[in-house]
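Residue numbers (my numbering), protein chains in the order written: chain A, 1 to 547; chain B, 1 to 547.
In short, the hints are calculated from the structure, not lab data. Hints are supplied without guarantee of correctness; some may be wrong.
Copies of the same chain are indistinguishable here, so a pair counts whether it falls within one copy or spans any two.
Unchecked claim - With a straight-line cut-off of 20 Å between C-alpha atoms, the simulated SDA-like cross-links for lysine to any residue are:
(1) LYS505 with GLU371
(2) LYS267 with ARG118
(3) LYS222 with ARG400
(4) LYS374 with VAL407
The primary structure of each chain is shown beneath.
Protein chains: 2
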Amino acid sequence: MKKRNTLRIIPLGGLGEVGRNMMLYEYNDNILVVDAGLMFPENDMIGIDYIIPDLTYLIQNRDKVRGIIITHGHEDHTGAVRHVLEEIQAPIYATPLTIGMLEAKLARNGMAGKADLRTINAGATEQIGPFKVKFFHVCHSIPDGVGLGIDTPQGLVVHTSDYKFDNTPVDNWPSDYASLAAFSEQGVLALLGDSTNAERAGWTPSERVIDQAFDSVFREAKGRVIIASFASLISRMQQVAEATQRYGRKLAFVGTSMQDNFKIAMKLGYLDFPDSLVVPIDQALHLPDSQVTIMCTGSQGEPTSILGRLSTGTNRLFDLKPGDTVILSSHPIPGNEENVYRTINRLFERGANVIYEMLAPVHVSGHASQEELKMMLHLTRPRYVIPIHGEIRQLKQHARLAQMVGVPEQNIAVITNGQVVEFHNGRMSLGERVPASYVFVDGSGVGDVDPEIMREREALSRDGIVLVHLTLDRQTGRLISDPEIISRGFMMSREIEPVLAQTGKQIADTVAKANGNLQRDVERAVGNYLYGETRRRPMVFVTVTRV
Amino acid sequence: MKKRNTLRIIPLGGLGEVGRNMMLYEYNDNILVVDAGLMFPENDMIGIDYIIPDLTYLIQNRDKVRGIIITHGHEDHTGAVRHVLEEIQAPIYATPLTIGMLEAKLARNGMAGKADLRTINAGATEQIGPFKVKFFHVCHSIPDGVGLGIDTPQGLVVHTSDYKFDNTPVDNWPSDYASLAAFSEQGVLALLGDSTNAERAGWTPSERVIDQAFDSVFREAKGRVIIASFASLISRMQQVAEATQRYGRKLAFVGTSMQDNFKIAMKLGYLDFPDSLVVPIDQALHLPDSQVTIMCTGSQGEPTSILGRLSTGTNRLFDLKPGDTVILSSHPIPGNEENVYRTINRLFERGANVIYEMLAPVHVSGHASQEELKMMLHLTRPRYVIPIHGEIRQLKQHARLAQMVGVPEQNIAVITNGQVVEFHNGRMSLGERVPASYVFVDGSGVGDVDPEIMREREALSRDGIVLVHLTLDRQTGRLISDPEIISRGFMMSREIEPVLAQTGKQIADTVAKANGNLQRDVERAVGNYLYGETRRRPMVFVTVTRV
Numbered sequence: 001m002k003k004r005n006t007l008r009i010i011p012l013g014g015l016g017e018v019g020r021n022m023m024l025y026e027y028n029d030n031i032l033v034v035d036a037g038l039m040f041p042e043n044d045m046i047g048i049d050y051i052i053p054d055l056t057y058l059i060q061n062r063d064k065v066r067g068i069i070i071t072h073g074h075e076d077h078t079g080a081v082r083h084v085l086e087e088i089q090a091p092i093y094a095t096p097l098t099i100g101m102l103e104a105k106l107a108r109n110g111m112a113g114k115a116d117l118r119t120i121n122a123g124a125t126e127q128i129g130p131f132k133v134k135f136f137h138v139c140h141s142i143p144d145g146v147g148l149g150i151d152t153p154q155g156l157v158v159h160t161s162d163y164k165f166d167n168t169p170v171d172n173w174p175s176d177y178a179s180l181a182a183f184s185e186q187g188v189l190a191l192l193g194d195s196t197n198a199e200r201a202g203w204t205p206s207e208r209v210i211d212q213a214f215d216s217v218f219r220e221a222k223g224r225v226i227i228a229s230f231a232s233l234i235s236r237m238q239q240v241a242e243a244t245q246r247y248g249r250k251l252a253f254v255g256t257s258m259q260d261n262f263k264i265a266m267k268l269g270y271l272d273f274p275d276s277l278v279v280p281i282d283q284a285l286h287l288p289d290s291q292v293t294i295m296c297t298g299s300q301g302e303p304t305s306i307l308g309r310l311s312t313g314t315n316r317l318f319d320l321k322p323g324d325t326v327i328l329s330s331h332p333i334p335g336n337e338e339n340v341y342r343t344i345n346r347l348f349e350r351g352a353n354v355i356y357e358m359l360a361p362v363h364v365s366g367h368a369s370q371e372e373l374k375m376m377l378h379l380t381r382p383r384y385v386i387p388i389h390g391e392i393r394q395l396k397q398h399a400r401l402a403q404m405v406g407v408p409e410q411n412i413a414v415i416t417n418g419q420v421v422e423f424h425n426g427r428m429s430l431g432e433r434v435p436a437s438y439v440f441v442d443g444s445g446v447g448d449v450d451p452e453i454m455r456e457r458e459a460l461s462r463d464g465i466v467l468v469h470l471t472l473d474r475q476t477g478r479l480i481s482d483p484e485i486i487s488r489g490f491m492m493s494r495e496i497e498p499v500l501a502q503t504g505k506q507i508a509d510t511v512a513k514a515n516g517n518l519q520r521d522v523e524r525a526v527g528n529y530l531y532g533e534t535r536r537r538p539m540v541f542v543t544v545t546r547v
Numbered sequence: 001m002k003k004r005n006t007l008r009i010i011p012l013g014g015l016g017e018v019g020r021n022m023m024l025y026e027y028n029d030n031i032l033v034v035d036a037g038l039m040f041p042e043n044d045m046i047g048i049d050y051i052i053p054d055l056t057y058l059i060q061n062r063d064k065v066r067g068i069i070i071t072h073g074h075e076d077h078t079g080a081v082r083h084v085l086e087e088i089q090a091p092i093y094a095t096p097l098t099i100g101m102l103e104a105k106l107a108r109n110g111m112a113g114k115a116d117l118r119t120i121n122a123g124a125t126e127q128i129g130p131f132k133v134k135f136f137h138v139c140h141s142i143p144d145g146v147g148l149g150i151d152t153p154q155g156l157v158v159h160t161s162d163y164k165f166d167n168t169p170v171d172n173w174p175s176d177y178a179s180l181a182a183f184s185e186q187g188v189l190a191l192l193g194d195s196t197n198a199e200r201a202g203w204t205p206s207e208r209v210i211d212q213a214f215d216s217v218f219r220e221a222k223g224r225v226i227i228a229s230f231a232s233l234i235s236r237m238q239q240v241a242e243a244t245q246r247y248g249r250k251l252a253f254v255g256t257s258m259q260d261n262f263k264i265a266m267k268l269g270y271l272d273f274p275d276s277l278v279v280p281i282d283q284a285l286h287l288p289d290s291q292v293t294i295m296c297t298g299s300q301g302e303p304t305s306i307l308g309r310l311s312t313g314t315n316r317l318f319d320l321k322p323g324d325t326v327i328l329s330s331h332p333i334p335g336n337e338e339n340v341y342r343t344i345n346r347l348f349e350r351g352a353n354v355i356y357e358m359l360a361p362v363h364v365s366g367h368a369s370q371e372e373l374k375m376m377l378h379l380t381r382p383r384y385v386i387p388i389h390g391e392i393r394q395l396k397q398h399a400r401l402a403q404m405v406g407v408p409e410q411n412i413a414v415i416t417n418g419q420v421v422e423f424h425n426g427r428m429s430l431g432e433r434v435p436a437s438y439v440f441v442d443g444s445g446v447g448d449v450d451p452e453i454m455r456e457r458e459a460l461s462r463d464g465i466v467l468v469h470l471t472l473d474r475q476t477g478r479l480i481s482d483p484e485i486i487s488r489g490f491m492m493s494r495e496i497e498p499v500l501a502q503t504g505k506q507i508a509d510t511v512a513k514a515n516g517n518l519q520r521d522v523e524r525a526v527g528n529y530l531y532g533e534t535r536r537r538p539m540v541f542v543t544v545t546r547v
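Turn these sequences into a full structure, and let the hints steer you where they fit.
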């Protein structure tokens with residue numbers, strides 16, 4: 001039985017992992033959802049497209065949902081929205097750019113017009129059920145992000161979402177210090193703060209430091225300048241446009257997501273440069289190289305992105321040429337390092353001059369570092385702290401920082417997904433656990449791949465497979481023809497033939513002696529024989545027909 | 001026809017990649033081999049144990065090999081020695097520690113006593129065929145490493161191998177500046193220099209900076225201190241031992257490779273602390289926690305290592321407990337980041353206090369950074385430069401540094417494996433290419449897995465497999481029983497049954513209409529049907545018996 005008049009904070013994603021951020025605020029029969037993101041699979045989650053939060057608890061309580069707030073337009077905060085909308089009917093609140101990006105995303109999934117999207121502006125306050133929510137502006141690596149001051153009957157909770165304190169942001173719109181100070185005046189029950197960079201000492205540099213790096217690259221570039229970045233990094237578009245203009249070039253955006261986001265951001269006024277600076281790519285390709293800037297996707301080394309295809313000479317519209325300067329204006333997402341560096345190597349091999357984070361400050365993080373996290377704690381002076389957005393190691397470091405600025409250890413909850421935290425009469429306690437497992441999205445399926453399936457996929461891939469088909473005489477149980485043997489991913493064909501010939505003999509022996517489960521006996525005999533010969537363990541499948 | 005009296009430098013590994021370092025120096029009918037290393041597979045080289053150099057050229061010229069020099073004991077310089085010895089008979093020259101480690105390695109592979117191992121000491125000179133080789137000491141992340149001054153009939157070549165300039169190394173044995181200066185006096189034709197850290201600005205810190213970090217961790221640790229590092233990082237053993245002694249603890253080494261290397265290094269005098277400091281692990285486990293230091297393997301997050309098993313609670317001898325301090329004294333090798341961070345998270349979950357590179361300087365690189373590379377160029381003043389040991393991006397940066405210190409662009413050869421470089425009468429030119437492809441070692445097989453096999457493995461793993469067996473009437477061609485369908489790694493069983501039931505109908509239809517290659521038609525029909533239903537493409541295999 002749930003306690004009445006208690007604020008319950010229910011993390012469904014983003015705690016103990018990076019991505020698929022989703023938090024529920026529950027008070028009696030009312031739920032406010034904050035963010036609904038996806039997470040990209042790790043390298044050993046084979047064949048998985050992406051991972052979304054476990055929506056079980058939300059679905060069980062679907063009638064209680066009063067609203068969904070999306071804090072900004074990144075996939076790790078928006079990518080599960082369509083899956084949520086398939087289950088839940090509730091208005092979605094977000095700032096103009098985020099709404100614009102959500103509309104485009106829903107349209108791509110055939111859900112245009114099916115959501116109740118409500119635009120709010122940073123600085124506004126909205127009553128959503130029993131929650132009075134103040135949206136405050138935060139700087140991040142996408143414009144128009146907000147944090148939330150959630151005034152609940154049990155007290156004020158500050159939910160930062162992703163943020164940094166950039167005092168010279170590209171859009172000249174710093175994080176809203178005043179609202180944070182005002183919350184502190186009112187008294188903050190709990191701070192739920194971004195932990196992504198809790199391991200990084202000091203301050204995250206301002207986006208503006210990139211200007212100088214871009215300027216020196218553009219000044220020295222004799223041919224085309226090709227810049228790969230995240231399609232949602234609108235401020236980077238602004239910085240590229242400024243350098244392009246300063247050096248008398250024209251700018252072409254390539255790639256659907258890059259073009260879509262440019263159009264939305266331009267239309268909504270998040271970009272500030274003349275339209276005439278931008279030309280279509282086919283026009284750009286007819287200009288002298290020294291007058292061309294191209295901005296594209298692929299900064300994570302994705303093989304099918306524009307940059308990925310340029311690196312392998314398989315891009316449709318244009319090829320790299322010696323004299324091109326390529327900038328990777330990004331940081332490899334953990335797990336992508338191999339792809340990113342492979343792409344860089346290939347770009348060098350094709351004669352490009354490649355500039356990346358290790359060589360010049362062409363990227364900065366969008367998340368607050370340790371000194372900023374401490375300042376956030378001082379600005380809001382919360383009684384309780386719950387580190388959010390991060391793996392355990394990052395949540396732990398954030399907790400350590402909170403202790404350093406004076407929050408008592410027992411007032412800090414380092415929790416992971418599914419662990420409910422309750423607030424009642426100013427006291428924090430741990431509640432029950434709700435389902436919070438990985439939900440894998442693979443092809444058109446949601447939740448129909450589990451760890452067992454992934455273990456099978458891993459086993460299939462490790463040493464390949466061997467298929468054996470036996471045709472036996474129904475009466476005598478003897479083989480009436482040679483076993484059919486097929487292999488994939490096991491050994492090269494010129495090496496395999498002598499091994500398989502021997503395998504045939506092993507099978508015949510096993511069949512002759514078999515007196516139990518023939519199929520299992522043959523699988524075992526073939527497996528053991530192949531392991532003895534090759535030290536590999538392909539998966540062996542045997543089918544039997546008796547005639 | 002090869003040009004006579006020409007020095008030919010033939011890179012078989014380590015140029016354009018990290019690892020499997022191997023270089024041939026050839027003059028008329030004489031070949032000197034420098035290093036024979038292995039390389040670890042990237043994440044998408046599925047099921048591969050490791051990769052060695054392509055030995056084709058060496059085997060074709062086996063009678064010319066006068067000697068093999070191993071510059072130090074790391075796997076990327078020694079790991080292919082046994083494969084080379086299976087093909088080539090030649091003496092192996094190395095320093096005492098390297099010989100000790102080679103002996104242990106060969107013994108593990110049943111090749112004890114089968115190699116002609118010749119111990120040389122840093123500072124010595126050895127005539128090997130027409131090559132007069134001066135071995136000069138270099139600092140690196142393993143003791144007793146050497147670089148080579150190879151005096152050839154065409155001039156003096158300096159081959160640095162892996163190095164850094166550490167002015168306060170733990171073993172008090174700095175890199176041999178004097179020999180480098182002497183080479184410069186004599187006149188250096190070409191420098192082949194380590195490029196691993198060519199992207200890193202400044203100087204690599206001294207190993208000694210770790211002492212302070214260790215000291216403060218030991219000072220604050222109340223329970224056991226568990227340090228994971230590379231088994232070959234002998235200097236780290238020395239540093240751990242010093243901190244252990246200072247804080248009144250005892251030290252236990254856990255893991256075969258760690259124990260073996262400790263014993264070899266102690267016996268040969270590369271470690272300097274009292275024997276009595278070291279206790280067996282079972283004895284350590286009976287001491288009070290505050291008197292115990294444990295050093296083990298697993299700093300790369302390998303699941304089967306000691307640290308990996310501690311993080312999952314599956315270690316045999318002892319478990320982690322709250323109050324333990326764990327230090328990862330290492331840097332994640334590119335591609336291992338996910339495993340390393342997953343291990344750190346799990347260690348935190350088990351209540352340990354975890355210290356790693358991001359939080360404190362508990363590791364430094366063993367390779368020279370940009371200022372050191374520039375100094376090496378100034379010290380040796382080579383006419384020609386060939387960057388070695390690195391991916392293209394690193395070779396390119398090394399070349400850029402060489403230009404910055406005044407080497408003309410045309411005197412720098414950025415080449416990759418297999419590209420021969422020739423020196424004749426003081427002039428450098430590119431020669432022919434020799435085979436230099438990846439040779440995959442998988443189980444007991446060498447070279448019997450190729451990219452095609454790996455593509456098959458990848459395809460098997462992506463969406464799993466579906467096996468269909470049909471039994472047809474030989475006369476009518478009709479199915480005489482329901483098709484047998486097995487799947488692995490495709491979908492969960494509760495989801496799969498309705499799909500497979502429908503698949504059976506598709507197969508029956510296809511068989512009824514088939515009039516060509518029945519097997520191929522059914523594979524195609526099943527594949528298309530499953531893709532339509534699930535957006536996944538499992539590999540489909542059909543076998544047919546006619547009765």
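Now the hints, each set against the structure:
{"no.": "1", "hint": "LYS505 with GLU371", "verdict": "neither (70 Å within a copy, 64 Å between copies)"}
{"no.": "2", "hint": "LYS267 with ARG118", "verdict": "within (18 Å within a copy, 74 Å between copies)"}
{"no.": "3", "hint": "LYS222 with ARG400", "verdict": "between (49 Å within a copy, 17 Å between copies)"}
{"no.": "4", "hint": "LYS374 with VAL407", "verdict": "within (11 Å within a copy, 49 Å between copies)"}
Checked against the numbered hints given earlier, the structure breaks only hint 1 and satisfies all the rest.
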